[in-house]
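Quick note, the sequences are listed as chains A and B, same order.
Quick note on numbering: the working numbering labels position 175 of the first sequence as 175, and the sequence is numbered without any gaps.
Take any residue in the second sequence, count from 1 to its spot, add 707: that is its number in the working numbering.
It is worth saying that the hints were derived from the structure and are not from the lab.
A quick note: this is a predicted structure, and the numbers were derived from the prediction, not measured.
Beyond 12 Å from chain B on every Cβ pair, some chain A residues (computed):
no.: 1; residue: A121
no.: 2; residue: V137
no.: 3; residue: T496
Lysine to aspartate or glutamate pairs mimicking EDC-like chemistry, simulated, CA-CA at most 16 Å apart:
no.: 4; chain 1: B; residue 1: K849; chain 2: A; residue 2: D7
no.: 5; chain 1: B; residue 1: K1013; chain 2: A; residue 2: D3
no.: 6; chain 1: A; residue 1: K220; chain 2: A; residue 2: E53
no.: 7; chain 1: B; residue 1: K1013; chain 2: A; residue 2: D7
no.: 8; chain 1: A; residue 1: K134; chain 2: A; residue 2: E163
no.: 9; chain 1: A; residue 1: K51; chain 2: A; residue 2: E227
no.: 10; chain 1: A; residue 1: K682; chain 2: A; residue 2: D665
no.: 11; chain 1: A; residue 1: K124; chain 2: A; residue 2: D82
no.: 12; chain 1: A; residue 1: K467; chain 2: A; residue 2: E201
no.: 13; chain 1: A; residue 1: K457; chain 2: A; residue 2: E470
no.: 14; chain 1: A; residue 1: K5; chain 2: B; residue 2: D846
no.: 15; chain 1: A; residue 1: K607; chain 2: A; residue 2: E632
The beta-carbon is built from N, C-alpha and C at its ideal position, and this holds for glycine as well.
Listed below are the residues making up each chain.
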Amino acid sequence: MSDLKKDIFRRVLFVFSGFCLLAVLIVWKIVSLQFYEGEYWSQRSQELTIKFETTEPVRGSIFSDNGSLLSASVPVFNIYIDFTAEKFKDKKIDSKLDSLSGSLSAMFKDRTPSEYRRILAAGKYRGYEYYLLKRNVSYKQLKAMRQLPVFRHGRYKGGLIAEQKTRREKPFRWLAERTLGFKSNQKDQRSVGLEAAYHDELKGVSGWRVMQKIAGGIYKPLRNEGEVEPKDGRDIISTINVNLQDVAENSLHYHLKLHNAQSGCVVLMEVSTGEIKAIANLTRGNDGNYRESYNIAVGHCTEPGSTFKLPALMAAFEDNKKLPDDSVDTGNGIYYWIPGKPMKDSHEGGYGKISVQRSFEVSSNIGVSKIINQAYAGNPMEFVTRLRNMHVDTRLNLQIQGEGRAFILDTSSNYWGKTALPYMSIGYSVKMTPLQTLTFYNAVANNGKMVKPMFVKEIREQGKTVKIFEPEVISDAICSPATLRMAQQMLEGVVTKGTASDLFKGCQYTVAGKTGTARINQQGAGYEVDGIKKYQASFVGYFPADKPKYSCIVVFYEPGAGQFYASKVAAPVFRELADKIYSTNLELHQELKPDAAIIAGNFPQFKKGRSQPTKVVSNHLNLKITDVISDEWIAVKKDKNEIKTFPLGYTSGMVPDVTGMGLRDALLLLENYGIAVQAAGKGKVISQSLQAGSRISPGSQIQLTLN
Amino acid sequence: MKAFIERYFKGDKYIWGIVLFLSFASLLAVYSSTGTLAYKYQGGNTEYYILKHFAIILMGFGIMYAAHRARYTFYSGISLIAIVIAVPLLIITLFAGTNLNEASRWITLPVLNLSFQTSDLAKVALILFLARSLSHKQDNIKDFKSAFLPMIIPVILICGLILPSNFSTAAVIFMTAVVLMFIGRVSSKYILMLFATGFAGLALFIGIAYLTKYDGRIKTWQNRIENHISGDEKESYQTQQAKIAIATGGIIGKGPGSSTQRNFLPHPYSDFIYAIIIEEYGLAGGLLVLFMYLALFYRVIMIVRKTSRAFATFIAIGCGFSLVFQALINMAVAVSLFPVTGQPLPMLSMGGTSIWFTSLAIGILLSVSRETEKTEGGEVATVAT
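Work the whole structure out from these sequences, hints included.
Structure follows, in structure tokens:
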């Protein structure tokens, strides 16, 4: 080896020893990581790759009394786009984005295709990896989105990212919205209604599990590390009946708009149990539309006006001060309890001298206030005590929060004066919520037994009943049976011959109730501010009067279309609701006796048709029908004084004559013959496009005209 | 069979063996560590990357085979041409290259539609050029003007062009050049001068970058170095994950395909493949891989020992050193001895064209070893000429 080569070789060995040194350092580092820091890093690995995750339970649902969903948690999705996904780099992406924009616009109808196109183009240009496209997309919409161009390639290629959340949905939207309420997640926000009251039952119990990160940035549950399943929330069965709620809400809405009222409410209660079957509260918003924005029936405490005359007079009866047949002088309709402030009756000129019962029926302010003043002027506190004993101002402790506090002025108050007693008797200087008023009237309907209004009747867990709410009795008897009978008679009198008699004329059921038109004390500034008087119109009662099943209150606040009398504004809603209940509730129907005379005089019209049903109906109507020749398809004709059937004589393979038949029979017959039917109009068939008696060829079509 | 192998596969048998071993290890490690990638881009088709990688390795063997069949003196001839091709390509890359992670390192060849890192080509070209220059000027190697200056100009040019986008590759190439010159007996005074020039160039670059607000890469370097120095608190995510992989691997590892850290480590199939190997095959597997690279350099020394030709010596050292040096740096980064750089582990990491240039370097190495074996047999002939 030459010197030169030796020199080079020495240098090579020097470099090699450098490598060996570096290798030793690497090995030392591995060993130290494994043996000295090993435990620390294994622990870190647990922290970094494994996480605890709480699993949220599904919130319970709220059902109506017959099992319809009123409020439920449904999954919704927030849609994000990853514009760095593979398909966005495609050469043909531009045309695909065009069709995608069109589809998105057609699906959501919130932006034009070109707006969507701009969003997509900008997102692609900037290369967003997590662009929020749309919030709260339903599962159905998401499924449709997954079929769209680009998106159909999935999360990694198509860039469609869907994140699931749950949202509280009310399938019937604004029906009883405020009573069902909502539970806010924010602490400073109010939660109202059943959602808030039964939150603890509805919310369920969170579970937890251990998740490990795996390929694709996804976490998989580690089952063997322990797992606590979430316990889904319990279901609440409310007393609300969807059909009645629908009628109540719509009727209230219609009449509120008709009378341009500020707000209004209607509550329907089952007399014996106190179950709230319908509760609607609508308030006009700034935009002029009515919304369920406040639970008026539960919370709005106002001077009730004339509906308070019932407890006032009942107090006088109960204390043996007066009887319905006693008389009172209402004078000429104007009376001054204090100079300068007249009390007026609505009937101009007054009613003169009338009975106590009559003064209630016509709602005479002067009459009722004189009666009460005569009865209690010596000891006003006796009146107050009697009212309290009848639970007029008893707190109801409802299942939902926000109950307004009832108030009765008493003699210890600084506001007590000479006019207190007469004005209290006609519903001023006292305050009640609509629901408290209804509860009192319901007690009158329920033979004196006062039950608490009930919103929830059952709690279920996984379909099994865990708790049943029984009707809660506030008082077994608010007054004596004699007083009660007098009260009921007065209430029936209001409807048969008093202030509400016009409205309930021709009713197939009997109603008992009281109108109440009160002036509103405008924020304490008085009953007339700048010449403007505001009114509160209410009607409260029960039906059927002889065997009460439901009680109901309707209150309108500040009707503004000129009409403010309770009988014209509030009572129609009561009537519409009662009509609906009557027509769908067979048990309320009184048996109608068939009127033989009507049937004998008028021969009913028979369509051509099948013989069997025709006979069944005829037997029900006590009509004697004799067969000439028995056949399945018949026509009915009157022959002298007899009613006879005549066979139609159809033969198979021939087009039958269906003129004079109902559509149902015509369809059955023709389709059995193998003819496809198209029909227009309603009533009886007046013409058919295929000649009767012609031969039927396969695939025949016939056009029927009905009238 | 043996005759067949001896007839067609010339050169050092150990080097062939090491390359086969590393390729096999590469297939295992890459298959295991591309799972995340497969889920992200191939909809969970885990075979996609391994098949692609396998094809690339096969082509690499083709290149290696072809390269080792050529006479090594052929590489002396093409070294100048290679430099002339590489430098303009580097310039194009710097200004118009494909931007990956804020660094233009890649160029796409127009006809073949193949993107490759031009620095890989430049590295091989520079090694060939230096080997040629050093062997030609061995007689007046201590002379500055005639010997040193012509050698360092391409070095500075190439490293300077790579530096803005890729500090670590520039440093590896620079170090390779320095070591080659050291072995080629260039005066240590000049080598120190070269170092000084290098540092001055780096300082100049950073200064200009700060002034012109082009600080994209510098921020990255700064962060990486700060993270490495300041210890555990600010430790970067990938370093933590790599440490976890190594620490939880133990002595014999979790077993093939059982890595969990591959899901957390960024680029587990390239920059941090060594950490995944230790996690799955333990300290034992890590030592074996490390040993293989050292063994490769040991075989290079054996080739050098046998040859009497200066060019053969320098070309073998150049190819062997750059490969093993890069491997050691990658491993040092994986075990967090060094701050994070983007150097792949040669022969092991996934990555298309860089494997082919590594194959080319090994092919050249084998070509040299083939010649030395031949000259051993026919020493008389050599002496006669």
